[in-house]
Amino acid sequence: MQNHPVYTDNDPQTELSTLNLGPTHPATHGVFQNVLQLDGERIVSGVSTIGYIHRAFEKIAEHRPFYQITPLTDRLNYCSSPINNMGWHMTVEKLLGIETPKRVDYLRIIIMELARIADHLICNSVLAVDTGAATGFFYVMEYREAIYEIYEEVCGSRLTTNIGRIGGFERNFNAIAFRKLRKFLKEYPVVLKEFENLTKRNRIFIDRTKDVAAVTAEDAISYSWSGPILRATGVDYDVRAMNPYCSYEEFDFEVPVGENGDVYSRYLVRQEEMWQSLRLIEQALVKLEKEPTDIFHADVPDFYLPPKEDVYNNMEALIYHFKIVMGEIPTPNTEVYHSVEGGNGELGFYLVNDGGRSPYRLHFRRPSFINYQMYAPMSRGMLLSDAIINMSSLNVIAGELDA
Amino acid sequence: MGKLTNEDLVKKISEKYSDQVTLLGEPFGLPTFETSRDQIIDLLTWLKNDPSLQFIYLTDITAIHYPELPKPIGVIYHLHSLVNNVRIRIKVFLEDADVHIPTATNIWNGANWMERETYDLFGVIFDGHPDLRRILNVDDMTAFPMRKEFPLEDPNRVDKKDYFFGR
Chain A
1 MQNHPVYTDN DPQTELSTLN LGPTHPATHG VFQNVLQLDG ERIVSGVSTI
51 GYIHRAFEKI AEHRPFYQIT PLTDRLNYCS SPINNMGWHM TVEKLLGIET
101 PKRVDYLRII IMELARIADH LICNSVLAVD TGAATGFFYV MEYREAIYEI
151 YEEVCGSRLT TNIGRIGGFE RNFNAIAFRK LRKFLKEYPV VLKEFENLTK
201 RNRIFIDRTK DVAAVTAEDA ISYSWSGPIL RATGVDYDVR AMNPYCSYEE
251 FDFEVPVGEN GDVYSRYLVR QEEMWQSLRL IEQALVKLEK EPTDIFHADV
301 PDFYLPPKED VYNNMEALIY HFKIVMGEIP TPNTEVYHSV EGGNGELGFY
351 LVNDGGRSPY RLHFRRPSFI NYQMYAPMSR GMLLSDAIIN MSSLNVIAGE
401 LDA
Chain B
404 MGKLTNEDLV KKISEKYSDQ VTLLGEPFGL PTFETSRDQI IDLLTWLKND
454 PSLQFIYLTD ITAIHYPELP KPIGVIYHLH SLVNNVRIRI KVFLEDADVH
504 IPTATNIWNG ANWMERETYD LFGVIFDGHP DLRRILNVDD MTAFPMRKEF
554 PLEDPNRVDK KDYFFGR
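Protein sequence lines, in the order shown, are assigned to chains A and B. Using this note's numbering, read the first sequence as starting at 1 and increasing by one per residue. Using this note's numbering, read the second sequence as starting at 404 and increasing by one per residue.
There may be inaccurate statements among the hints.
[To be verified] Here are a few chain B residues that sit away from chain A, every Cβ distance over 10 angstroms (derived from the structure):
id, residue
1, Ser439
2, Arg492
3, Pro505
4, Glu520
5, Asn540
6, Tyr566
[As the list claims (entries may be wrong)] Ranges between beta-carbon positions, derived for each pair:
id, chain 1, residue 1, chain 2, residue 2, range
7, A, Ile60, B, Leu427, 22 to 32 angstroms
8, A, Asn260, B, Pro558, 50 to 60 angstroms
9, B, Pro470, A, Thr24, 32 to 42 angstroms
[As the list claims (entries may be wrong)] Derived pair list, reagent style PhoX-like, types lysine-lysine, alpha-carbon separation capped at 25 angstroms:
id, chain 1, residue 1, chain 2, residue 2
10, A, Lys59, A, Lys180
11, B, Lys415, B, Lys451
12, B, Lys451, A, Lys94
13, A, Lys59, B, Lys551
14, A, Lys180, A, Lys102
15, A, Lys59, B, Lys406
16, B, Lys474, A, Lys59
17, B, Lys494, B, Lys474
18, B, Lys406, B, Lys419
19, A, Lys210, A, Lys193
20, B, Lys551, B, Lys451
21, A, Lys186, A, Lys287
Keep in mind that the hints were calculated from the coordinates and are not lab data. By construction, the Cβ of each residue, glycine as well, lies at the ideal position given by its N, Cα and C atoms.
I would like the entire structure built from these sequences, with the hints used as guidance.
Shown next as structure tokens:
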């Protein structure tokens, strides 16, 4: 692996040219810089530079109470922020020993799987755009909007959601949310199928993606890959199946795996995961019917902020409100690692607590950061246009890369 | 899956390493060990290659800073045995004057950026690392910002009083 950029413009012995791909380049969908050495159109070596949007979340988190860290997690993988939010809530719940009611788990699964669909939908449709097929993007993008409208009904915001609270949700799902969800479940499969028809057996798409950037399972594991791109190499590691959280063990779903880890396999895996996510949401809706409709958070007054009308009119609620905001509730002095299956892979939260109101140390295991480090070594020998497609299919999100 | 329990793992490690690797506890079912930096590469290699353990997946490398301890910098490894579905956490504590630890990049390629990040944020020097440069922060930065003495905000700022906010 070539580690330092070698500027050979004036070197008479080689004909290599240096290309700065990024930090802002329309083809890279984010702030990524790669200094590439090109022999014609073929990449000889590359060096990735990251950190352009490093915001020191781990440092900030050491100075924030637990519930104020949720908005920081939004900004990791902002294509599927609800998964990050829920992952963080579940980490804190694990630390504090909070048992969430089943209905909360099912509602969370609905939101997390919607987020997964939104994430994969963008990745796959943008991959198609990068191969020259812009039509499919416009078909499915409308349904990302539909997903965002469901978030909006639940939490009020769309992209950086800050959805849910420690112990459950800040408010119950309203009837409009369920109506929009059912509408989405009815309409989206048709559109997804149409998108699949456009791309899956499209000769041009296959020619551009098949056998491009193929990775072996051994390499993928050695580079600690996780998520769809690891499964595309044939390794069926999915946190939802391996270390079930949030009642995933009650659900019937499959973990799709690919064959040879190329861009096309990654596309297929993501496509199939969207179908599986739809299945999970359908099952969650059926399970919800048996649950009482008024429960949307666990009974943990020590950590769940009471409703404002109670704070104004009820002494006990006022005390709890005060204690939560001032951080006067003791927490266990221990450490916890919890991971969820994010849009891009194993999103882990390593939380070391010293008993105070904010973490002593919080580390995010960010799948994009870990997945992206193979990008430069694997680009060697690749055509520049293939490297662009490879980057799309890795679905590296700048927010998650830099934290 | 599920062939190896945490008790088996603890027993196996204590048989092989007796007093060189100590069990710190099992918070939330994740066995946590402490070892010395002389042992760490040997231990990681053995954990990865032993046929009954197979901790082939490096989940994470990070560090922590306890300024008041004699060995303030802790490097923390999380490994995952995909075959047995068992996770393990290993800690190595280092003295402030000598924050060197051998690199794990010869065992896992993925350790490269994780170690660079740990170096960037904590100043842990991974001996033998092929390319130990800063990764998230600018190259000419002199401090290691995740250490506890590094302030979150500019200490000369006067428009914001931390004590108003309980900080």
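Hints versus structure:
no. : hint                                      : result
1   : Ser439                                    : holds, 20 angstroms
2   : Arg492                                    : violated, 7 angstroms
3   : Pro505                                    : holds, 18 angstroms
4   : Glu520                                    : violated, 8 angstroms
5   : Asn540                                    : violated, 6 angstroms
6   : Tyr566                                    : holds, 12 angstroms
7   : A:Ile60 <-> B:Leu427: 22 to 32 angstroms  : holds, 28 angstroms
8   : A:Asn260 <-> B:Pro558: 50 to 60 angstroms : holds, 54 angstroms
9   : B:Pro470 <-> A:Thr24: 32 to 42 angstroms  : holds, 39 angstroms
10  : A:Lys59 <-> A:Lys180                      : violated, 38 angstroms
11  : B:Lys415 <-> B:Lys451                     : holds, 14 angstroms
12  : B:Lys451 <-> A:Lys94                      : violated, 28 angstroms
13  : A:Lys59 <-> B:Lys551                      : holds, 9 angstroms
14  : A:Lys180 <-> A:Lys102                     : holds, 22 angstroms
15  : A:Lys59 <-> B:Lys406                      : violated, 39 angstroms
16  : B:Lys474 <-> A:Lys59                      : holds, 21 angstroms
17  : B:Lys494 <-> B:Lys474                     : holds, 12 angstroms
18  : B:Lys406 <-> B:Lys419                     : holds, 19 angstroms
19  : A:Lys210 <-> A:Lys193                     : holds, 20 angstroms
20  : B:Lys551 <-> B:Lys451                     : violated, 33 angstroms
21  : A:Lys186 <-> A:Lys287                     : holds, 18 angstroms
This entry does not satisfy hints 2, 4, 5, 10, 12, 15, 20, going by the numbered hints stated previously.
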